[in-house]
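Enquirer: Each chain, letter by letter, is given below.
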Amino acid sequence: AAEDKPVVGLIMKSLANEFFQNMLEGAEAHAAERGDYELRAVGMQNETDFESQINAVENFITQGVDAIVVAPADSKAMVRPLKRAMEAGIVVVNFDVALDEDAKKQQGIDLAFVGPDNRGGAKLAGDALAQKLGAGGKVVIIEGNPGADNANQRRLGFEDSVTEHKLELLDSRTAHWETEEANQVFSAMLTANPDIQGVMAANDSMAIGVVKALEAAGRTDIEVVGFDAIPAVLPMIEDGRLLASVDQFGKEMAANSIDLALEVLAGGPALEGWVRTPIELVAGE
Amino acid sequence: MPNLASSPLLSVTDLRKSFGGIHALDGVSFALTSGEVHALVGENGAGKSTLIKVLSGVHMFEAGEIRMDGDGYRPTSPHAAKVAGIQVVHQEFNLLGDLSVAENISIEALPKTKFGLLDRKEMNRRARAALDAIGLNDVDVTAPVRSLGIAHRQLIEIARALQSDSCILILDEPTATLTERETARLFEIVSGIKAKGVTVVFVSHHLEEVFGICDRVTVFRNGKTITTENIADVTPPDVVRFMVGHALEETASDAAAPAHSREVALAVEGLQTTANPSSDGISFELRKGEILGIAGLVGAGRTEVLRAIFGADPMLSGRVLKDGAPLTIRQPRDAIAAGIGFVTEDRKDEGLILEMPIAANSSLVDIGTVSRWGLVNFAAERAMATQGGARLKLKYGKLSDPVSSLSGGNQQKVVLAKWLAGNPSILLLDEPTRGVDVGAKAEIYSILRGLAAQGISMIVVSSELPELTALTDRILVMAGHQIQGVLDRSEYSQERILQLAYGQETNSERKTA
Amino acid sequence: MSIAEEVSFTPRRKPVSIRSIVNNAGIGLALLVMIAFFSVASEHFLSANNITNILTQITINLILAVGMTFVILIGGIDLSVGSVMAFAAVVAGKAITLPGLGPTELIILAVLAGVVAGTICGVLNGVVSAYWSLPSFIITLGMLNIARGAALQISGAQTIYSFPFAFEEFGSLLVYGVPVVFIVALALVVIAWFVLNRTVFGRLIYGIGNNEEAVRLAGHPVFWYKVAAFSICGFTAGIAAIIYMARLNIASPIAGIGFELNAIAAVIIGGTSLSGGRGSVIGTLLGAFIIGVLANGLILIGLSDFMRQMITGVVIVVAVILDHYRAKYSAS
Amino acid sequence: MSIAEEVSFTPRRKPVSIRSIVNNAGIGLALLVMIAFFSVASEHFLSANNITNILTQITINLILAVGMTFVILIGGIDLSVGSVMAFAAVVAGKAITLPGLGPTELIILAVLAGVVAGTICGVLNGVVSAYWSLPSFIITLGMLNIARGAALQISGAQTIYSFPFAFEEFGSLLVYGVPVVFIVALALVVIAWFVLNRTVFGRLIYGIGNNEEAVRLAGHPVFWYKVAAFSICGFTAGIAAIIYMARLNIASPIAGIGFELNAIAAVIIGGTSLSGGRGSVIGTLLGAFIIGVLANGLILIGLSDFMRQMITGVVIVVAVILDHYRAKYSAS
Ligand SMILES: Nc1ncnc2c1ncn2[C@@H]1O[C@H](COP(=O)(O)OP(=O)(O)OP(=O)(O)O)[C@@H](O)[C@H]1O
Ligand SMILES: Nc1ncnc2c1ncn2[C@@H]1O[C@H](COP(=O)(O)OP(=O)(O)OP(=O)(O)O)[C@@H](O)[C@H]1O
Ligand SMILES: [Mg+2]
Ligand SMILES: [Mg+2]
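Protein chains in written order, with this note's numbering: chain A, 459 to 743; chain B, 8 to 520; chain C, 1064 to 1395; chain D, 1064 to 1395.
Since the hints were derived computationally from the structure, they do not count as laboratory data. Hints may contain errors.
[As the list claims (entries may be wrong)] In silico DSS-like cross-links for lysine-lysine, where the CA-CA straight-line distance does not exceed 30 Å: (1) B/201 / B/231; (2) D/1157 / A/563; (3) B/121 / B/201; (4) B/128 / B/203; (5) C/1157 / A/541; (6) A/596 / D/1157; (7) A/463 / D/1157; (8) B/355 / B/405; (9) B/203 / B/295; (10) A/463 / A/709; (11) A/624 / A/590; (12) B/231 / B/119.
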């Protein structure tokens, strides 16, 4: 069945994550719609399983795919295998999380990035919170998995808006992206700092845990922002339990990246720099 | 005497069972009549336990026939055998260490209240009654079995088997770890249940026991039954001849003159063990080339003393001097370094690595001599094991077979071989011939005597008085964790020893008063 | 009983009942030390609110650990509880969001669906590992993957949400400051204690862990007892799933990752032997408290995330060392 | 030797060497079935490139599993290997990015630092669990947290990168299509096999797993042997860290999460008994292959991620069931 259609290998992070699952569905729909390429998609076991992404690149090189579209789990570890893929004549598009600039320079490759600005997105959420609280508002951050690039970016984004709006950052702790852990960690943070006014959670799963902790504590005076805008939080945004979340349009992101890769394959010019994809603050009226 | 003419309760014809290439049962035929006590005797590895395991549904047989009450009988599980009325005390223990004595005794049918819950009261009551019946009044029925010594465990196994009504009760070497007192009590019970019409199958390497309580005896040799005789018609030497195929040369049992010197090899002073800190402390001396016996009833504290000397359990106070110099023994390693060896009483838990080959077990203590630069020299190890095995008439398939495939008595020989290989200057032996057959026992005695003649000193703890009187130069009698008396060879007599062993109560009262 | 009367030994140890209470309370010492420390170190620690928090937060781990106790007592292990919980939650979540039914029916249906889903996984674990006598470590590792994959597949990796109001309420209900979900967990502990100590089934669970062969020789159907132990563990994973949903108001296919280690840790810190046959569910309760109090307290005293993780490790180790000494001194 | 002469048994079984090879090859049957299946299902599976990939991909798990074999053989378990690997990697990463040294010195320094860091963690695991006779499950669970926290603390949760060129090259070097890192792993397997089967130390490792008390009473320093087993496991975690760095060109404090389960799975699928005393490092090698081939093959045949996870679970279970039957038939 593999006639002359170009083969695109899509490497994502954990598909157990709704964000990437939506992305995959978007890509599959896109492949069916265009019909002029073959899509091979893989995810990874868990977010820190960097090796399996490298394995995936190696497997794709083995299979001789024409293009690799990749959302790196680690911005540094992926540079070298991707370089090898480029050397094998494969068109590589980096999306979702940008590869590390230094690492790219070191390996002597130049690779464009297609994707949103995680840091900027987090800042959007932070700004929404700051606006609500005003300067001096006391906030805490619930971080993602320490050491993960997107967790870093989002924390930095939150911190940017803390500085910019002169918020007071009381505490910053990780809950490893998990609802239950966020619930536990935040409950304790709230006990230790009863005067918290706002919470920035690095993803919506953790934001849900925070909202439940607030309900359990009977606190309605604390504002929460999340990230990702998963369907489960939309009702919360509607009824005000969640102030805002950030949509990165993951569904389209992979599909757009594939389009770009196919253009280059078809003889188009190589991509350059940062092809920004949209981000949007989702907030109640 | 039961009516031997009556039709057999259970008959076995030409039964065969093999493990891999070993024919454990190679044509076994015998019959049980109702209400008799039937002995099974034979050398170690002759197939007695295997037959019992077949009868009790643990192993399936390959050929032959078993008929019970005239019908074919082929148990497929222990449960099926129980339903058919066969109750067994196996040679190796099957107790639940962390469960209480009472729970172990009732494990087959734990009593329930009318709500279907465990009836602890009833369970403890039954256990108490069962233990009292076999004379174990000192054991707390709620104590975990793990905390008991080996003889107590054996009695608990027996008590358990007596719990349910059965028509055939099989006892596989029940007396191997018991002292006279318990053995006598057991025999009273056996006569009691025999009177009720229960058939008892009794395995023992002690022919005097066989001749004491059995009506008939079936002799095994190499997986075959040689003959079944009425006890009244044979003498012990006849039975031994059937067992080994020839007459056993009389080993000079009383010939051993105390050849040891006066030099003290090991002195124990005021030894108190952590298990019994309340005792006054044990002191005695062991001379060069002497075999010192320790007698006592079950639980008298004999094992404790050996374990403390060897460093297997910590010593609370007291010292041990070897050749006049005090030893610091914190762990078995120190004792071994000082030239002390210790044949433990419980081969399954302490003596053997059951899953590992015979060769590896025999070299476990003295692995240093069959290795160089930390590498095992397998040829040397095999030679060591072959030699050790030959010396003790070990019956085995291959040296690479796991020890677990050996019969009980042969496993015991491996434990001995392991310690003899190390050439210790002092050897502590706790029930060294437990489960060993008559011929091999004589062999072991002569080996031990030979070692003593070479100047090796030994302490032998044994529950068999004949063993102690035959083997030792002096006997130290213990009761209640205290030494009650020391007997020289000239003073040996069953009465004297038992008197001291039982005398614990009066003595200790006197002391504390 | 002539001979018996002659000889009377003094009992070798204290009566068992007291000893076993001390043993059960074992790790309690470490727990008390921890509580004392945190009470001094943080003014908030002993506040009513915080106690409520701690109780809520140990609930799920405790429920999983109760089932795990059965499996570990027979000498097995169940690595799949976290995944099975997620699977049961997704199944229950699908059920509770079915259209066209009233809230009461939905809730009953969901509870049944979740518990049955969990129990089925447990039965499978038990049957496969007991029938072929395979190491439960591997079998339940397989189930870990199977249940997680199934949870993701069924849910399409989407979080399920929007449950009946009464159900969501239940998760945060308090009775005199005590979370109802914790009462559920406590009830399971009591039932498990009762089953393990007062029923024949329970004693044979201990027996199998001690010496499986001996129990078989005593004529008991060991296979079914083992299956029962794993099924109980699956059942509690199902209950945990329901509690999770009630508490967080979502059913997430990626819930419960790593929960198995926490549950096993609670059981073992509680003094149950990993090789089976020895232990108690009261110990498990204390073990779950240790883990929960530690997690809560270390945040309250304001340690950084990384320090907190290190200290958690150290305290777990120190707690079992402490327990070791307690056991030693209480024995002598 | 009259009796011995009289009785001559036919050998009960095939000679041990062959039997043990069959036993070791045990799970090999399942592996062969898998390989056959994937070869048919995917044209790429047997390509030289893919074989190279598989070898590279199992390397780290294999290295961890070799050390784990020692620990499991003495009846212990080490849950900390993944974290210890990350810790060792961070330590080595700090060393290799020190300023002012030449690449050769840096590489030597880093390798030493990583291996020493790993070994120290292993020694701690061993000393604490053996000295107080505590369950290694809990002690290494503590170490899992301690090492991870330390790795995050030292690195400030930042990935360390930019290593000397030669070091990065080493990770992807091939010799006749065989990755050099795999050769390192294979060398460890051979050494471990030799140690376990030919040395007194290895003999006693098996002995301790079977009957610790018997080994102690035979006068061997059981404590030190146990410490040694855990230290070896820490050592291999250190080696794995170096290989990880060479292969991924980063030292990440969050590397290796969950690796312990994979390593333990390789050991147990390879037929080593979790209760100790029985097993072989050749089995571990095959176990690691099973896991690696499965992961690779299922991707090649294009299964969706969730299906893949479920099938992985099923295949692991089926593999041990298959092995069970093989063992049964080869015994009779
Ligand atoms: N599970 C087994 N696997 C292999 N061989 C076995 C097994 N059980 C018994 N055998 C062998 O069968 C033979 C008979 O053993 P059995 O235990 O019946 O002897 P026995 O007469 O009870 O000896 P003892 O007096 O020493 O208890 C022995 O050679 C033994 O090695
Ligand atoms: N490890 C132990 N822990 C607690 N109690 C023990 C232990 N070992 C033995 N005992 C108890 O100590 C007492 C003395 O036991 P010991 O084994 O020394 O007696 P023994 O004279 O050798 O008798 P036997 O070995 O025939 O039971 C017994 O009551 C026994 O139950
Ligand atoms: Mg026997
Ligand atoms: Mg004794």
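Enquirer: If a hint holds in the structure, say so; if it does not, say that too.
Expert: For each hint, the structure was consulted:
1. B/201 / B/231: Holds, at about 27 Å.
2. D/1157 / A/563: holds, 21 Å
3. B/121 / B/201: Violated, at about 33 Å.
4. B/128 / B/203: holds, 28 Å
5. C/1157 / A/541: violated, 44 Å
6. A/596 / D/1157: violated, 36 Å
7. A/463 / D/1157: The given pair, whose Cα atoms are some 47 Å apart, is violated under the 30 Å limit.
8. B/355 / B/405: holds, 20 Å
9. B/203 / B/295: violated, 53 Å
10. A/463 / A/709: Holds - the C-alpha atoms of residue 709 of chain A and residue 463 of chain A are around 23 Å apart, at most 30 Å.
11. A/624 / A/590: Measuring from Cα to Cα gives roughly 13 Å; hence the hint holds.
12. B/231 / B/119: With Cα atoms ~45 Å apart, residue 231 of chain B and residue 119 of chain B exceed 30 Å; violated.
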